[in-house]
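Asks: So the protein sequences, as listed, match chains A and B. Using this note's numbering, you'd call the opening residue of the first sequence number 299 and step up by one each time. Using this note's numbering, you'd call the opening residue of the second sequence number 299 and step up by one each time.
Errors might be hidden in some of the hints.
Note that the list lumps identical chains together, so a pair holds whenever it fits in one copy or between two copies.
[As the list claims (entries may be wrong)] With a Cα cut of at most 20 Å, we get these calculated SDA-like pairs of lysine to any residue: (1) Lys302 x Gly324; (2) Lys645 x Ser301; (3) Lys645 x Gln326; (4) Lys415 x Phe515; (5) Lys645 x Ala321; (6) Lys645 x Gly324; (7) Lys415 x Leu590; (8) Lys445 x His416; (9) Lys645 x Pro370; (10) Lys645 x Ala365; (11) Lys445 x Ala501; (12) Lys523 x Ile492; (13) Lys523 x Asp471; (14) Lys384 x Thr585; (15) Lys523 x Ile474; (16) Lys645 x Thr367; (17) Lys523 x Gly601.
If you are wondering where the hints come from, they were derived from the structure by calculation, not from laboratory data.
These are the residues of each chain, in order.
Protein chains: 2
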Amino acid sequence: MSSKPILVIGGGPAGLEAVRGIADLGYQAILIEKADFLGGMPISADYAALTPDMRSPEEAMGEMIVAITDNPSIDIRLSTTVVGSKGDAPNMEVTVKNAGGEEILEVGSVIVATGFKHFDPGKETQMYGYYEFEDVITLVDAEKMLKADEFARPSTGEAPKTVCFIQCVGSRDRQIGNQWCSKVCCGIACKQAIEVKEAAPDARVFVFYIDMRTYGFWEDEIYWKAQEDYNVNFIRGIVTEVTKRGDTLVVKGEDTTMGRPMEVAMDVVILSVGMEPSDGTVEMADTFELPLEPHGYIETTGGALNTVETTVPGVFVVGAAAGPADLEDSVSMGGSAVMKACSFIRKSELQPA
Amino acid sequence: MSSKPILVIGGGPAGLEAVRGIADLGYQAILIEKADFLGGMPISADYAALTPDMRSPEEAMGEMIVAITDNPSIDIRLSTTVVGSKGDAPNMEVTVKNAGGEEILEVGSVIVATGFKHFDPGKETQMYGYYEFEDVITLVDAEKMLKADEFARPSTGEAPKTVCFIQCVGSRDRQIGNQWCSKVCCGIACKQAIEVKEAAPDARVFVFYIDMRTYGFWEDEIYWKAQEDYNVNFIRGIVTEVTKRGDTLVVKGEDTTMGRPMEVAMDVVILSVGMEPSDGTVEMADTFELPLEPHGYIETTGGALNTVETTVPGVFVVGAAAGPADLEDSVSMGGSAVMKACSFIRKSELQPA
Numbered sequence: 299m300s301s302k303p304i305l306v307i308g309g310g311p312a313g314l315e316a317v318r319g320i321a322d323l324g325y326q327a328i329l330i331e332k333a334d335f336l337g338g339m340p341i342s343a344d345y346a347a348l349t350p351d352m353r354s355p356e357e358a359m360g361e362m363i364v365a366i367t368d369n370p371s372i373d374i375r376l377s378t379t380v381v382g383s384k385g386d387a388p389n390m391e392v393t394v395k396n397a398g399g400e401e402i403l404e405v406g407s408v409i410v411a412t413g414f415k416h417f418d419p420g421k422e423t424q425m426y427g428y429y430e431f432e433d434v435i436t437l438v439d440a441e442k443m444l445k446a447d448e449f450a451r452p453s454t455g456e457a458p459k460t461v462c463f464i465q466c467v468g469s470r471d472r473q474i475g476n477q478w479c480s481k482v483c484c485g486i487a488c489k490q491a492i493e494v495k496e497a498a499p500d501a502r503v504f505v506f507y508i509d510m511r512t513y514g515f516w517e518d519e520i521y522w523k524a525q526e527d528y529n530v531n532f533i534r535g536i537v538t539e540v541t542k543r544g545d546t547l548v549v550k551g552e553d554t555t556m557g558r559p560m561e562v563a564m565d566v567v568i569l570s571v572g573m574e575p576s577d578g579t580v581e582m583a584d585t586f587e588l589p590l591e592p593h594g595y596i597e598t599t600g601g602a603l604n605t606v607e608t609t610v611p612g613v614f615v616v617g618a619a620a621g622p623a624d625l626e627d628s629v630s631m632g633g634s635a636v637m638k639a640c641s642f643i644r645k646s647e648l649q650p651a
Numbered sequence: 299m300s301s302k303p304i305l306v307i308g309g310g311p312a313g314l315e316a317v318r319g320i321a322d323l324g325y326q327a328i329l330i331e332k333a334d335f336l337g338g339m340p341i342s343a344d345y346a347a348l349t350p351d352m353r354s355p356e357e358a359m360g361e362m363i364v365a366i367t368d369n370p371s372i373d374i375r376l377s378t379t380v381v382g383s384k385g386d387a388p389n390m391e392v393t394v395k396n397a398g399g400e401e402i403l404e405v406g407s408v409i410v411a412t413g414f415k416h417f418d419p420g421k422e423t424q425m426y427g428y429y430e431f432e433d434v435i436t437l438v439d440a441e442k443m444l445k446a447d448e449f450a451r452p453s454t455g456e457a458p459k460t461v462c463f464i465q466c467v468g469s470r471d472r473q474i475g476n477q478w479c480s481k482v483c484c485g486i487a488c489k490q491a492i493e494v495k496e497a498a499p500d501a502r503v504f505v506f507y508i509d510m511r512t513y514g515f516w517e518d519e520i521y522w523k524a525q526e527d528y529n530v531n532f533i534r535g536i537v538t539e540v541t542k543r544g545d546t547l548v549v550k551g552e553d554t555t556m557g558r559p560m561e562v563a564m565d566v567v568i569l570s571v572g573m574e575p576s577d578g579t580v581e582m583a584d585t586f587e588l589p590l591e592p593h594g595y596i597e598t599t600g601g602a603l604n605t606v607e608t609t610v611p612g613v614f615v616v617g618a619a620a621g622p623a624d625l626e627d628s629v630s631m632g633g634s635a636v637m638k639a640c641s642f643i644r645k646s647e648l649q650p651a
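Please put together the full structure from these sequences, using the hints given.
Replies: Written out as C-alpha cells, the structure reads:
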C-alpha cells in the first residue's frame with residue numbers, strides 16, 4: 299500500500315526543500331503553486347543574487363527544481379490554489395482549483411510554505427516619498443535593476459553619484475503595527491550596497507540604520523566586506539523625511555552617532571522594506587484553521603524547540619509563513635517539516651484508526 | 299534486514315532532536331554523549347531559562363530526553379567519546395571509548411552535534427578584568443546565579459544597585475580573531491536583564507551594545523519588553539576598560555549616541571561572552587576529516603540552501619558546530635539532518651554497493 303501523499307503548498311525555497319525531502323524518504327508529495335513557475339520569491343521578485351553567497355537565483359532555485367522534476371513520487375501542480383479542506387490529518391480532503399476546475403485531493407499531511415510579502419511603503423503615510431518621487435525605490439525595485447544590469451537613477455537613466463539605503467521600513471515600527479525585525483533586510487542592504495558599488499563604482503553609498511543585524515557569519519562576510527572592500531558608509535541615524543529640492547532628493551533626519559541633524563542630498567534612495575505574512579499565508583491559516591501568533595504569522599507550538607509544528611495535528615509550517623526567515627531558516631525548516639510530516643504519516647499507518 | 303544505525307554525536311538540543319527524528323522515521327540511532335547526562339549546554343552550564351520563551355531548561359530538555367528514552371530504535375551511550383573512524387558512509391566503523399574500554403560501531407551515517415563553547419574573557423588580555431575583579435562575571439556565571447535564585451554582588455553577597463552588561467565580548471572582534479557575531483548574546487542579555495530586574499527590582503540595569511541584534515520576534519518579545527516593562531537602559535557605547543575605585547567597579551568607554559566619554563560606577567558587570575567551536579567540534583572535524591570554514595566551525599556545502607551537509611558524504615553537522623546558532627536554528631537543523639541522513643541510508647540500501 300502506498301502512503302497518502304503529503305501536500306506542500308508553495309514552491310519557494312522552503313517548499314522545494316520539503317518536496318525533495320519527502321520523495322527522498324520514500325513518501326509521496328503533491329506540490330501546489332499558484333504561479334505558473336517554481337522558485338518562489340527569489341524568482342518572482344527577480345532577485346539579482348541571493349544573500350549572502352551572491353549566487354544566481356536561477357541557478358540556485360534551478361538546482362532545487364531539477365531535483366524534484368520527473369520524479370514519480372512528486373506531483374507538481376502549477377497555476378493552482380488551495381480553496382478548501384475537510385477532515386483531519388491523516389485523512390484530509392483538500393480542494394484545489396485551477397483553470398480546469400476544482401479537484402479534491404486525499405492527503406495525509408500538509409506543509410504550508412506560502413512565505414511572505416514585501417512591505418508596501420505606501421502604508422507608511424508616504425513619509426519617504428515612494429509614491430511621490432521616481433528616484434525613491436525599494437530593495438525589491440533595486441534587485442530588478444541590478445539583475446537587469448541597469449542600475450541607474452530612474453529619473454535620468456544616468457549612473458547615480460549618491461545612493462542611500464534607509465533600513466527598517468515597515469519593520470520595528472509600532473505605529474504601522476509591524477513590531478518585528480524582518481531579519482534579512484540588513485544583510486540584503488549590505489549585499490545590494492556591494493552590487494551598487496560594482497555597478498556604479500564612483501557612487502558614494504550610504505546605509506542609514508538603527509542596528510545593523512548582520513548576525514553570525516554575515517558580520518564579516520557581507521557587513522565588513524561592504525565597509526572595507528567597497529567603501530560603503532554605514533551611518534547610524536533616524537531618517538524622518540525624504541523631500542526634493544530641484545532635481546535632487548533630500549534625506550532629512552538625525553545622525554544619532556554624531557548627535558546632530560542630518561540633511562543630505564541623494565540621487566537614489568532605496569527603502570529597505572521588511573516582511574509581512576503573504577496573502578497566501580493568511581488564506582491558508584484560514585483554510586486549515588491555523589491560529590496566527592500575535593504578529594500575524596502562522597503560530598507554531600512548543601516555543602524555540604519546535605519550529606514547524608502548528609497547533610493542528612499533521613499540519614506544518616515552514617519558512618517565512620511562520621515569521622521572518624532567511625534562506626537558511628527556510629531550508630532547515632523545510633527539512634525539519636519533512637521529518638515531522640513523514641513521521642506523522644508513518645505513525646498513522648502503524649496505528650490505523 | 300534492519301538498516302545500519304545513524305550515529306549522533308552530542309546530546310544537546312540539536313542532537314536530541316536528531317535522535318528522536320531518526321527513530322520516528324523508523325531508522326536506528328546511536329547517541330554518543332561525553333558527559334554522564336543528556337541536555338547539552340542548557341543543562342551543563344546551568345542555564346536559568348531558555349531564550350526567548352524563558353522555559354525551564356530542565357523541563358524543556360527533559361521533554362526531549364523522555365522522547366528518546368526506552369526506545370528500542372535508540373541506543374544511548376553516556377560518558378562516551380568518539381576516538382576514531384574508518385571507511386566511508388554508508389559503511390563506517392567508528393571507534394567509541396568509555397570507562398569499559400573501546401568498541402567499534404558499524405554505522406551508516408553520522409550527525410555531528412558537538413556544539414559550541416563559551417568565549418573565555420581571559421583571552422581578551424583581561425581588559426574587562428574578569429580574572430581580576432570578583433564582581434565582573436559572564437553571562438554564564440549570571441545564568442547559574444539566576445538559576446539558584448541567588449543573584450547578588452559576588453564580593454558582598456548583597457543585592458546590587460547597579461548592573462551592566464557589556465555586549466560582544468569575544469565576538470565581532472578582529473583583534474582576538476573572532477570575526478563573527480555570536481547571534482544569541484543580545485537576546486540572552488535582554489532575557490537576563492529582565493531576570494535581574496525580577497531578582498533585584500531596585501537595581502538600575504544597563505546594556506552597553508554596538509548593535510542590538512534581537513532579530514525576528516525577539517525585537518518586541520524580549521528587547522522592547524526589557525525596555526518598557528522592566529526599565530532596562532540600553533546604551534549604545536564602546537566599553538574600553540573596567541577598573542575599580544574603592545569597592546566599586548568603574549566602566550569606562552564612550553557613549554556613542556551622546557558622543558561623549560562615559561565613566562559609570564557599577565556593582566556588577568556581566569560580560570556577554572560569545573560562541574566558539576567546542577573542543578568536541580574541533581576533534582570531530584579531525585576524526586571525520588571535515589574541513590573547517592574560515593571562522594573555524596565545521597564547513598557546510600551548498601551555501602544558504604544546504605545548512606547541514608558537510609563536504610564528506612553521509613556526514614552531517616547540526617547546531618552550533620556549524621556556526622553561531624540559536625535554539626530554533628539547532629532544532630530545525632537537527633530535523634533537517636534527520637531527513638538527509640535517513641535519505642542517505644535509504645538510497646544506499648536501494649543501490650547496494
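Asks: Next, verify each hint and record whether it holds.
Replies: These are the hints, each one checked on the structure:
For the homomeric pair Lys302 and Gly324, the shortest alpha-carbon distances inside one copy (12 Å) and between copies (17 Å) are both at most 20 Å. For a Cα distance limit of 20 Å, the shortest separation of Lys645 from Ser301 qualifies both inside one copy, at 11 Å, and across copies, at 18 Å. In the homo-oligomer, the alpha carbons of Lys645 and Gln326 lie at most 20 Å apart both inside one protomer (15 Å) and across protomers (16 Å), since each shortest distance falls under that limit. Taking the shortest alpha-carbon separations for Lys415 and Phe515, only the inter-copy value of 17 Å comes in at or below 20 Å, while the best intra-copy value is 26 Å.
Taking identical chains as interchangeable, the C-alpha atoms of Lys645 and Ala321 lie at most 20 Å apart whether they share a chain (18 Å) or sit on different chains (11 Å). For a Cα distance limit of 20 Å, the shortest separation of Lys645 from Gly324 qualifies both inside one copy, at 15 Å, and across copies, at 9 Å. For a Cα distance limit of 20 Å, the shortest separation of Lys415 from Leu590 inside one copy, 16 Å, qualifies, whereas the shortest one across copies, 36 Å, does not. Taking the shortest Cα distances, Lys445 and His416 sit within 20 Å of each other inside one copy (18 Å), while across copies they are farther apart (41 Å).
For the homomeric pair Lys645 and Pro370, the shortest alpha-carbon distance between copies (16 Å) is at most 20 Å, but the shortest distance inside one copy (23 Å) is not. Proximity of Lys645 to Ala365 under the C-alpha cut-off of 20 Å is restricted to the inter-copy arrangement: shortest distance 15 Å between copies versus 27 Å within a copy. Taking identical chains as interchangeable, the C-alpha atoms of Lys445 and Ala501 lie at most 20 Å apart only when both belong to the same chain, with a minimum of 18 Å there against 53 Å between chains. In this assembly of identical chains, the alpha carbons of Lys523 and Ile492 lie at most 20 Å apart only when taken from the same copy (8 Å versus 35 Å across copies).
With identical chains, the CA atoms of Lys523 and Asp471 are at most 20 Å apart between copies only, with a shortest distance of 14 Å across copies and 28 Å within one. Only within a single protomer do Lys384 and Thr585 lie at most 20 Å apart by alpha-carbon distance; the minimum there is 9 Å, versus 52 Å between protomers. For the identical chains of this complex, Lys523 and Ile474 are inter-copy neighbours only, at 18 Å across copies versus 33 Å inside a copy, given an alpha-carbon limit of 20 Å. Proximity of Lys645 and Thr367 under a CA criterion of 20 Å is satisfied inter-copy only: 18 Å between copies versus 28 Å inside one chain copy.
For the homomeric pair Lys523 and Gly601, the shortest alpha-carbon distance between copies (17 Å) is at most 20 Å, but the shortest distance inside one copy (35 Å) is not.
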